[in-house]
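Engineer: Top line first, the protein sequences correspond to chains A and B. So the mapping is simple: the working numbering equals the position in the first sequence, first residue as 1, plus 15. Mapping of the second sequence onto the working numbering: position 261 corresponds to residue 252, and the numbering continues sequentially without gaps.
Worth flagging that the hints you see were computed from the coordinates, not collected in a lab. Ideal placement from N, C-alpha and C gives every residue a C-beta, glycine not left out. Each hint can be trusted.
Derived list of chain B stretches under chain A, where covered just means 3 residues or more per stretch with a C-beta under 8 Å from a C-beta of chain A:
#	region
1	167 to 180
2	184 to 192
3	203 to 212
Covered stretches of chain A, as calculated for chain B (at least 3 residues, CB under 8 Å):
#	region
4	22 to 33
5	54 to 60
6	63 to 74
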Amino acid sequence: MEFRIDAAARQPIYRQIVEQVREAVARGRVAPEERLPSVRELSRTLVVNPNTVARAYSELERDGLLNTRQGLGVFVAAPKIELTKKARKERLFEILDRLLTEAVCLGFTADEVAAAVDDRVKRFQWAPTESTS
Amino acid sequence: MTTEQTLTHPTSAATPLSPNEPIVTERLTKYYGRQAVVNGLDLSVPKGSVYGFLGRNGAGKSTTIKMLTGMVVPDCGTARVLGEDSLALRPETRARIAYLAEGHPLYNWMTVGEAVRFTRAFYKQWNDRLLERILDHFELSRKARLRRLSNGQRAQVSLALAIAPDPELLILDDPTLGLDTVVRRDFLESMIQIIQRQGRTILFSSHILGDVERVADRIGVLVDGVLRVDCPTDVFKESIREVVLDFPGPPPEFPPCPGLVSSRVVGRRRELIFVGFGEEHRRIAEGLTPAPLSIDVIEMNLEDAFIEYTRGPRRSLPVFAEDEPHV
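One chain only, chain A, in its complex shape (with noise of 0.2 Å):
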């Protein structure tokens, strides 16, 4: 995957690398079992500290989106679930409400909402129905 980063934007460089990564898992941009570029590496490309790649990589790996393999390289996950399916619902609506919220303030009718939303889900990469727990 491309990793892009700006040292002059207001969110700090392991953010940036971190959302990036997020990203591209959501969109089906890297597949599971994918290597991506280790630490070195993209120390490297990237010309930013190789201690600020490892952060992100392992805030990744502490949510789960990434696993080192030792000697092996990182690699992107498989999905897996580890919270409730109840406090999964609770942090969506909440996000839902903000994002609402902030369409009712700019003057979006539901109907407009529901249409965007429809058009931009298929931009990313879903689970497949039924399996979810």
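Based on these hints, arrange chain B on the given structure of chain A.
Structural biologist: Chain B only, in chain A's frame:
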């Protein structure tokens, strides 16, 4: 409207003289006339780190660096470099330290090849292959006269000469000053390659905050000769926040409190800069009369954070420990 406060972060639990800290200074002080250009500096740079040494012009960065290399004698305090007093460095120890002076002074009448032979004579250890690789990478001919080289090429020659003895510690005084964006990027890449070699430590001063954010693990900020910030780069960036309060009418005063760096009124908004904005600050804001209509907490990029932090005479709020008060 400002409070003195410090943002530092403990370097490590090790004792100050442990070899895990290639640079340790204690109360390092230098006066020029009656003015303390460096004032009671306690600095410790952990082994294997890239330390970005920041400050506005005249803040005392170069003087500090010259004391570290033994070129300026401190009026008080000590600097220990690779475990030895900076004024009594043995030649063997000196050979393990690379120093790039501001502006890359070189003997202009020499060719690149002559400069290599000349410099090499001072060192027992010399990595010719590494030097060749760097010169090739930058497409520098050994026959070129130094006088004829561009600023960028001179910087590359100095860097190549500095790295060839395979030093443990590199001290670089504003190494990318006056270089164009492409050459600067090359230079940063070389720095990344150096730190990927185990145990190398770099201290560099710079005014280009984007570069600092890319390569530095840790930053120190000097304000008027005093070290006001010493912590991981991310901690500094994440500590400084702009807080914007919107009011229905003229904004009320914001009471001085720990962490507040500056406060200004723009129309019906009061814009505040904080180090470590927390719940307590939020409560103060909510308790103002009239109460603010909204409280926006905005992240800042490193450059803006640095500017807000260092501008004005007493605006700086020290950034040190997260979990340990700085003494």
